[in-house]
Each structure stands twice: as C-alpha cells, then as structure tokens.
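Colleague: One-letter residues, chain by chain:
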Amino acid sequence: MTHNPSFTNQTFKVIGTRVPRPDGLDKVTGRARYGADASAPGQLVGMILRSPHAHAEIKNIDTSKADKIPGVKAIITSADLPDKVNGRRDMLDTLENCMARGRVLYDGHAIAAVAAIDADTAKKALKAIKVDYKILPHVTDVDEAMKDGAPIVQQWVRTAGGDANKATNVSQVSQFGHGNIEEGFAEADVIIERSYKTEQTHQGYIEPHACLASVGPDGNGELWVTTQGHYTFRTQCAQLLGMDIAKLKVTSSEIGGGFGGKTHVWMEPVALALSRKANRPVKLVMTREEVFRATGPTCSTSMDVKIGAKKDGRITAALAVLRYQDGAFPGIWGMLGGMTAWACYDLPNVKAIAYDVLVNRPKVAAYRAPSAPMAAFAVESTMDLVAQAINMDPVDFRLLNAAKEGTRASYGPTYGPIGIRATLEAVKNHPQMKAKLGPNQGRGMACGFWFNFGGQTCSTVNIGTDGTVNVSVGTVDVGGSRASLSLIAAEELGVPYETVKCTVSDTTALGHNDTTEGSRGTFSSGMAIIFAARNAVAELRARAAKTWDIPVEEVEWKDGVAYPMGDQHHNLKPLSLKDIAAKSPRTGGPIAGHNETVADGAGVSFASHICDVEVDPETGATRILRYAVVQDAGKAIHPDYVEGQFQGAAAQGIGWALNEEYVYGKDGRLQNAGFLDYRIPVCSDLPFIDTTILEIPNPGHPYGIRGVGETSIVPPLAAIGNAVSNAVGVRMNHVPMSPPRILKAIKAQRAAG
Amino acid sequence: MSGVHVSTTINGDPVEFVCQPGEVLLDVLRNRVGLTGAKEGCGTGDCGTCSVTVDGRLVCSCLVLGAEVEGRTVTTVEGMADGADLHPLQKKFIEHAALQCGICTPGFLVAAKALLDRNPDPSEEQIRYALAGNLCRCTGYDKIVRAVQAAAKDLAVDATKPAKPAPKKTTAGKSAKKTA
Amino acid sequence: MRYEAPTSTKDAVGLLSKAKGKGQVLAGGSDLLVRLKGGFIEPDLIVDIKRIPAMQGVTKTASGFKIGAAVSCAQLGENAALKKAWPGVVEAANLIGSDQIQSRCTVVGNLCNASPAADSVPAMVAAKAKAVVVGPKGKRTIPVENVVAGPGKTALKAGELIESITLPARKGKTGDAYLRFIPRTEMDIAVCSAGVNLTLGRGGVVTDARVALGAVAPTVVLVPAAAKAIIGTKLDDVALAALAAACEAACNPIDDKRGTVEFRTEVAGVLAKRAAKIAYQRAGG
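Read top to bottom, the protein sequences are chains A, B and C.
Numbers 0 to 752, taken from numbering that gives the first Met the number 0, label the letters of the first sequence in order.
Numbers 0 to 179, taken from numbering that gives the first Met the number 0, label the letters of the second sequence in order.
Numbers 0 to 284, taken from numbering that gives the first Met the number 0, label the letters of the third sequence in order.
Hints listed in this document are in silico derivations from the structure and should not be mistaken for laboratory results.
Mixed in with the good hints there might be a few duds.
[Stated by the list, open to error] Listed next, the stretches of chain A that the computed footprint assigns to chain B, with coverage defined by at least 3 CB atoms under 8 angstroms from CB atoms of chain B:
no.: 1; region: 194 to 208
no.: 2; region: 473 to 479
no.: 3; region: 632 to 643
no.: 4; region: 669 to 675
[Said to hold, decoys possible] Capping the alpha-carbon separation at 25 angstroms, the derived lysine-lysine pairs in BS3-like fashion look like this:
no.: 5; chain 1: C; residue 1: K9; chain 2: A; residue 2: K665
no.: 6; chain 1: C; residue 1: K256; chain 2: A; residue 2: K196
no.: 7; chain 1: A; residue 1: K129; chain 2: A; residue 2: K309
no.: 8; chain 1: C; residue 1: K156; chain 2: C; residue 2: K9
Keep in mind that this is a model prediction, so the values were computed, not measured.
C-beta atoms are modelled at their ideal positions from N, C-alpha and C, and glycine is treated no differently.
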C-alpha cells in the first residue's frame, strides 16, 4: 500500500457532520480527569521555591533547617539534576530553566523544590530554605537590552554569525525577503513608516500545570501530566533525568488548555527528580501565580514597518524590522515573526529583519501562531495607513496586493492554492460591512496567516470482534479532535461514527508523536488514521478473499462492506465489516491497521477579520460591538469545532489587543501574576463571534484539510487598531490599546488641534 | 493545628469530614470527599472554575472554608444530573459544542444553573454578566451563551410538564461549629 | 489557627478580645481568604460572624435602614425597599466581583478591608452611612469614612468589630448613584470611582449634595467643593464642569498596574459628572 497524500476530492458520508464528541459526557459531569485530578497511594506534595529577583547569582542555598522538618521527604536543587544533555545547548537551557544553576535569570526562576507529606509542611519547608543572593543588574525591555552597556543576561550568548568575542543579548538576526527594497521605495508615490510596540502576554489556559510523577530505583517511571505532547515530554524528561525513554511511561491527562504553553516542560523534570529522591510519588501542581511568573509567555516586541505604494495601490516595497524578546534563553521567536510578517502579500520587493533578544523575563514559549500576531499588528496597521493615504478602500487595497497560487512568499516558498483572496472577497460581501455605525463607532479589518506543521505521527486502528473500532492516536486532544478523528476513521472504514472510539494512548502504546501544536492535531493524526484505516481495509479485504477463496484483487470495499467483483462471483454474499470481524479469530486473528508517518503536505491557513468597536472618548474604554472571522479550513471535518477554534483564537486576540499585558516594575518583578490584573476577556466583554468557514482544499492532504487552530489570533490586534482609528481618529501603535493609552492618544490629538 | 469536624450535605448525601481550620472547601471536595469536578484555576476567586453552590448560592469554593459548610447544603457539578439523565444545560453544552478543553465546563454549568434557577428567561446581556465570573480561554464564550439560551428554552418547556417527585434529602445537624 | 463560629455579638467580641495573637473576622471571606492563602496574614483565630442573628438581615426603621454585617451584597440587591431608597449604595455593592463573589462579600467586609478602591465605600460615604462598632468597652457609632485609617488599615481597636451599617431615612426628592471605571466590563478592581448623593428642592434645584471619590487617594475622598459646585444649580454644563474640576483637584492618586495618575484624575471627574446626572434623574430632576 503506497502512501499517496494527495487530495482525493471525494464526496463524504460522515465527514462534515456535527456529531457529539466522545469526551463530552465526562466533561459535563465532572468525571473527566485533568492534570491535578490523579492521586497515588503514598503520594507527596511537591512545591517549588522561586527567586524574588530578576537577576542574581546564587551564592548559597541552605536547606539544613528545612531538611529537619518532620514530614519533609526530599529537597532538591540543581545538584540533584546533573547535566546529562551531552552538550545539547537547547536541552541545557531547558534544564536550567527548570531549576536555576548558580544564577537566577528572572523573577520566579525555580531555585529549589521540596516533597512533603502535605501542603502545609511543604510551605513550611520552603520558608525554611535560606538562599544567599548577589543581586545583579537586570534588563526587561527589548530595546534596552539591545543597547550597548545593557546588563548581559547570558554571558555565553553571541549573535549567531556575528562577533565571536562580544557578549550580547542579541542571539540571532534573521533576514527574509527578495527583490530590491531601495529601488522599490524609490518607485513609490507614497511611503508610510511607523514604529509599534506590543507587550508580553500569556496563553492564559485555565488549567495550571500539574503532574503526578513516580520514579523507582529500578529506573522505571510514570508521569501523569497535562501536556500538549506526552511523547515530547517523555523524551525531554528522560534525557534530563538520564532515564531510558522506553522506561518512562507518560500518560496525557485531559488538558485544560495549552495554546502552545504546554508544549514545553517547566516543572515536570523537577517532580520526577523529587520522586526519585524520595522514592515516592510526587504530585506537583503550579499555582496561578507560578504559571504567570515561571512558564512560557509570548514575546514583547518593538517593530518598525515601512510600506511604499503607487497611487493605483500596488505596493512597490515593504520593510519590517522586528525586535522580539525571548526571555532569558535564546529562541527563534523573532525569526518566526520575520517569516510571517509579509506572508499575506504578493510583493516584488520585500524584506523582514528580525532580532531575537534576551531579557530577564521567563523563557518564551509558543502562543498560538507564535510571533505572527505582533508582526501582523505592525503590518496591517500600516496597510490601513497606506490605503488612507492613497484614498483606497482597505479591503480593495489588500485584494490588489494579496498573495495567490504561484506567489513567491516573502519567507521563501511558492504558494499552492491558498485562501487569502477568498477570505477578503468574503469580508467585502459580509453583512457586517453594511451594519450602521453610530457616533464614536468604527470598523476595522485585517488579515492573518499561519503555517501549519505535519510532523511525526503514529496511529493504530483495531477492529473488535463485534465490529466496533478502537482508534489509538498520540496527539493530545486540545479542542475536540477525537470527534474529528473518529469521523475520519468512520469515513475510511465505512462504518457509523458511533461504532468508533478514539483514545489518546500513553507513550508505551505507539511510536513517537510530535506535540499538538502548529495546528497539526487533526491534520497529522487524521492523515495517519486515513492510512492506518486503509491498511485495516486491506486486511479486511484479504479476510473476505480468504473466506470466499478468491483472489484479493477481486474484492472491493465500499461503505463498510466487502463485495466480490465480477459476474463469476454473483452467488457470493457480501460481507460487512461486522461479519468479517466476527469471523476474524478463525481467519487469521485480530484485524488492525497501523501507520507511522511524517505527515507532509501541511497547507497554510489565511484569515480576514472584521471588527466594529465603540470608543468612549472621555475614558478611552473600548467595546467590541460586532466581530466576524473568515478563515480557510481546507476541509472542515467537524464544523462546530472549526468554528470553536476561530472564535477562541479571535477572543484571545481581542484580549491581547485591548487589555492583556505583563506589567514589570523597575525592580524587574512581575506585578500582575494573577487573573485579577492580567485581564483576559470575560463573557460580558464579547459579542457573539460570527464565523465563515471557507474550504479551499489543501492538495497535500487526502481530504484537503488545513490546520485551523491558530490563524485567527493573528488579525485581531490590527483589526481593532484599525477600528479604533476609524472610531475616534487616533492611530494606536502600542498594544494593548488599554483605556489609558487610548485616552492619552485622544487627548494628544485634541491638543494638536 | 487541630482538625475541624464537619457534618454537611453534598449533592443530597450526608457527608462528614475532618479538615484543617484554614482549609478551603475546594480542597476538601477534591482531596477528602473525592469530588474532583470543581477545579482550581486561580485560587483567588477570579476564574470561577471552582464554582459550587452553598445553601443555593453560587460561590467560589476556593474562597469558602471547609469549616463553614457545617449544617449547610453543598451542590457540585456531580450533582447536576439526575442519575443517567443529564440536566438540560449539560445536554445543550454538548450539543452546542460549548466546550473545547472542558476545564471551565463544571464551573460554567454550576453558574449557569444558578442563573436559570433564579432567572429562567435571561436576556443575552444578563447571561453574559451572570457568567462574567467564569473564565473560558478556549471558546470565546459564543457557544456557551448559545447553549445556556437553548437550555433556558428547554427548561421553559419542561416547566409546563407535571413535576417529577423531588429526591429525598437529609440534613446534617445545625449546631454552630466549635473546635476542640 | 482556630476557627470559631459564635452565635452572638457578645461572644464574637469575647473571642476577639481574648485571642492570644491575631484574630480576624470572617464574613464573606473574599478578601480574608485571599490574604490568608497568599501568606499575607497568619491569624491565630478566625471568627465567622455569619451565624450571629444580630448581624443578619436588612431592617427598615423610621430612622432609615440597618444592614447587618453578615448580609451579602447579593442579599442587598434583592431587597426592594433598600434598592428604592438607596439605588447608588446598592448598585455599588452589587458591582463587587462576580455573582460568585456577590453571594459572599459584604459591604462591612469591603469597608474593613480598607482598599482605596473599595466599591461600596464612596457610595456609603456619600449616603452619610454610619458603622455600629461593638467592642469590649461597649457600642459606638461612627461615620463610615472614619472606619478606614489608611490602605489596609482600620481605626477599629483591639476586640472591636462592626455589627451593622446604618443608612439615614430618605426624605423628599433624593437620589444617589455610583460609577466606577474598569477596563473590562466586569471582574476588575475600580481604577477610579465616584459616588454622588443628591437632594432636590423646588424646580429641580439641588439643595444638598455629597460627592465621594474612590481609588484616587489612600482613602475615599469626600469632596465638599464638588458638592458646593452643584448645590443651587440644576446641573447645567457649567455646574458639571465645576464639579469635575473640583473632583480633579481633590485627587491624589498613584501610578500602578491599574491606572496612571493622569488617567485616574481625569476619569474621576468624568465619572462624577455622569454619576451626578444619574442621581439627579433618580431624584426626579
């Protein structure tokens, strides 16, 4: 059976129907088990001591008093997590981030951990640990960190490809683009150049990180954990603890939100190390404050964008200079921003220069279309300014310059069939464009892009003797993918959806699966299931052939039934999957299909959003009146969940645009590490979010699926910035556009006359 | 610290437990009574994921001491269904895809039920403000509000049908709490 | 640490005055438990007042209203008579937190937590509310603004707690209103706020006024100059502008993660104007 991932353009029986999800009952009754819902006999409570300083040397950690407290069973520091990473810098960074090694790099950096018989004892023990710090100067702002003389966060960091002798906070500079921008700007009739800033935000998942770790002296271990990738966690934890991968069994609990923040270990290696030392299971659950201080928020940025265009609307040159802070360890987030900045457009001369910068803040992790929202804020805001300058409708301006099939993307590849123009046309014709706007109300729109990933995926389809089907996958279900994956299996096998049960297996049951990120869950596991199911169908046909004693080439499979082909077999009754399954013990044993693959052919997903706002000109308060998402899904397997991704992503973007930001004091400490002052949207902040699913099939997937989970967090920042500008005439260049910033801009505008 | 002995009613059943004076109801439910439906999202009353009702009032169980529920009645998400019969809110949440990761769902269900119990015909705005104490990061609230609207309609139809007999309730002692 | 749930004010006073170490009063717990769990306080005794009959219920008398210290803000919002007489006080109380918090929080707790941004306090100050304080030396009644000594500090002495809040009787054409500024639509601590209480005379002219601002100083600020600016007027634009200016002049806020000095000062004036208009309308103006 050859793998042929190309789009098959078939009509579907069950794909696209809105079936109830298999985990729904457990989740509405409270039965579903998340990271903190497991317990083990003899378990200890784990707790972590964290630095109150942004940057310091650790001169000494004295655990002697804490050791003596009755009920304390283990205390660890970096001494209990020796370097076993074989020179891999990225793994050493992860290790150091889990537990400080001689110096602390941000407020909240873990320094020590205890395991005790209960929470009160653990708290007492943490209080009794004495740490001697030598406080060092810190830097938390990305532009400040790039200046000469700024405190250096990591002494070993050098700009990749740059001066090998100069310690710096700039870990890399990336460039993307093609053409000649100097010539392009020279041709332009109009040039708009602006600078922008966005503050740091967090994924804000409602479930804090939690795990239950158990390691025995024989090197066997178990980890129950809330994660987006239990196989990735297994590999990372095993490496960091010097364990054999196969001997660390990791089970993914249900996950209470991740959005990229749970693709990376933060305290799981610490829990395992505590358990190993105490020789008892350790349950470690982060508090909300720890989640904000010491997991992986996204970058804060400082950006400059310059666009040149002719009076007829054709962009002649586009330049973006992006400065992204990655926290206290090198990262690629600026680079990703540089790749996505101009991805929506067909540009003859384009350049993006991106800096990755270290600061004394937590290690940045992925957050839903990581790095794209910020660059898009800068680009899409400037696009509106250019459209205004040449008196062109903002949608038409974008349509004129939009990428299409055959466009050479600013980040390199040539696009296949893509949906940006279709989303723009849909926006143009959307009923929201006709809604009447009153005083202090304004409408804005913006586009967004995100690549999708394929990655390593394994799946098994097992057919029970009663004809019901088990599907095992290794991609964590973050938003309902088990329903979609069951639909795919049902479609391929030709059986009813209700007879299929999809389970996310633990790490011992399947080969490695990459993390659920990059919008790859349904795309990759879906592809693996298609091929696993086709392998199972091959076996089903073989069993029918055996039963009939005819060549397998003369057996066809249609809608869940094996038919003999040809008039000579007219007397043979067709065999359903159920019939064949019932006979399977006597025809060769259990029937299954496997697939291990690297899912190639991931498409890209474009979205265009429309946002109507009302701004209170006396206070700067901004209300979202209407919001519409148009996004290309390739093929929506389960439309409810595709809509849900559009709406959830848009809501995160709205929060980012209006109110969410990390507030650091001059002392380098995070001031709003809680949901009270880190303000995510509440129910009354949002209207219903209108969604339109477009389906421009991805030729790289048999069903045309594109990953959909991420793109719609990209447009809201600029859609809202553009809407505010149209509402009260001020151009916001600093996100979040909180009321004090908007009021200040309104007053400055008034004062300027 | 010495333990506080508490007799209370949880989801209609008499329950007794011993807890620390400073221990919150959320931890008692999860760690002592075995009801893990209520979750901790923040511990400070800002997210509503721990929502339960005490004497019919919607509260954050992370901000109620276990000792306080002596003689009172507590209901959690585990008490919403009537045996295998889901409450209309639970049915509508599934039907309307009002959950993605589901971590906020128990809290929303308890809060939505508290709303519909006191206001059976809420407007969209009333629903949104009543649920403002429950954070969701996955859905953008759209399908949650629609599910609550649909459940309200269903319950209104049910209200015209003859009532089912109420389940038997037992109450624990009403004495004020004292400690050893 | 001990937990006690006395059934009389006398017992509560006894427990608090005899406590070896720190004793804390627990009503709704929406502030106390946050501070306890966060390790900001380590009391030796928690006195739960919710089972004390004298602290329950809202009573209407000839001299006004008495609100027991254990009455939740949700219960206040369900009291039709109180809402009719003091819509501003009730709406302020009902703005504190979510429905979950509303079931628990109390105006007395809000007052004694002594946050500069407490929602219920500006309206109570504007309403001339009084606190009935009971202690080992007996009972005393003080204006609510005298309860708060500074951020997080009350003027209550050892062993004292508040048994109830009283609001004066309403006579004639009166109205009050409370507005706060928050960046979202719910769930935020007030960035700044204004409580306005008006009495109107003939022809819709303001004859008496009290204007109190929250979150713009260490404690709630009563602004006599703002009241003066509108007394004798029908709240025309000039009067309102003077009101706003007087409010801005009385502000002494800080820059913090919730707002800037500039923003709080300006918006306090805006809110005072808007609250005055609402109170005026409620008074029948």
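Colleague: At least three residues with a C-beta closer than 8 angstroms to a C-beta of chain B: is that true for the region 194 to 208 of chain A?
Modeller: With 6 residues close enough to chain B, the hint holds.
Colleague: Decide if the proposed pair is consistent with the structure: K156 (chain C) and K9 (chain C), CA atoms, cutoff 25 angstroms inclusive.
Modeller: 16 angstroms, holds
Colleague: Does the region 473 to 479 of chain A contain three or more residues whose Cβ lies closer than 8 angstroms to a Cβ of chain B?
Modeller: That given contact holds, which follows from 3 residues of the region 473 to 479 of chain A lying within Cβ reach (below 8 angstroms) of chain B.
Colleague: Given the proposed pairing of K256 (chain C) with K196 (chain A), does the C-alpha separation stay at or below 25 angstroms?
Modeller: Holds - the C-alpha atoms of K196 (chain A) and K256 (chain C) are around 18 angstroms apart, at most 25 angstroms.
Colleague: Compare the distance between the alpha carbons of K9 (chain C) and K665 (chain A) with 25 angstroms, and conclude whether the hinted pair is satisfied.
Modeller: 49 angstroms, violated
Colleague: Verify the proposed pairing of K129 (chain A) with K309 (chain A), using a straight-line Cα cut of 25 angstroms.
Modeller: 66 angstroms, violated
Colleague: Taking 8 angstroms as the C-beta cutoff, is the stated coverage of the region 669 to 675 of chain A by chain B satisfied by three or more residues?
Modeller: Result for this restraint: holds, n = 3.
Colleague: Do at least three Cβ atoms from the region 632 to 643 of chain A come closer than 8 angstroms to Cβ atoms of chain B?
Modeller: holds (count 4)
In the structure shown, a violation is registered for the earlier hints numbered 5 and 7, in ascending order.
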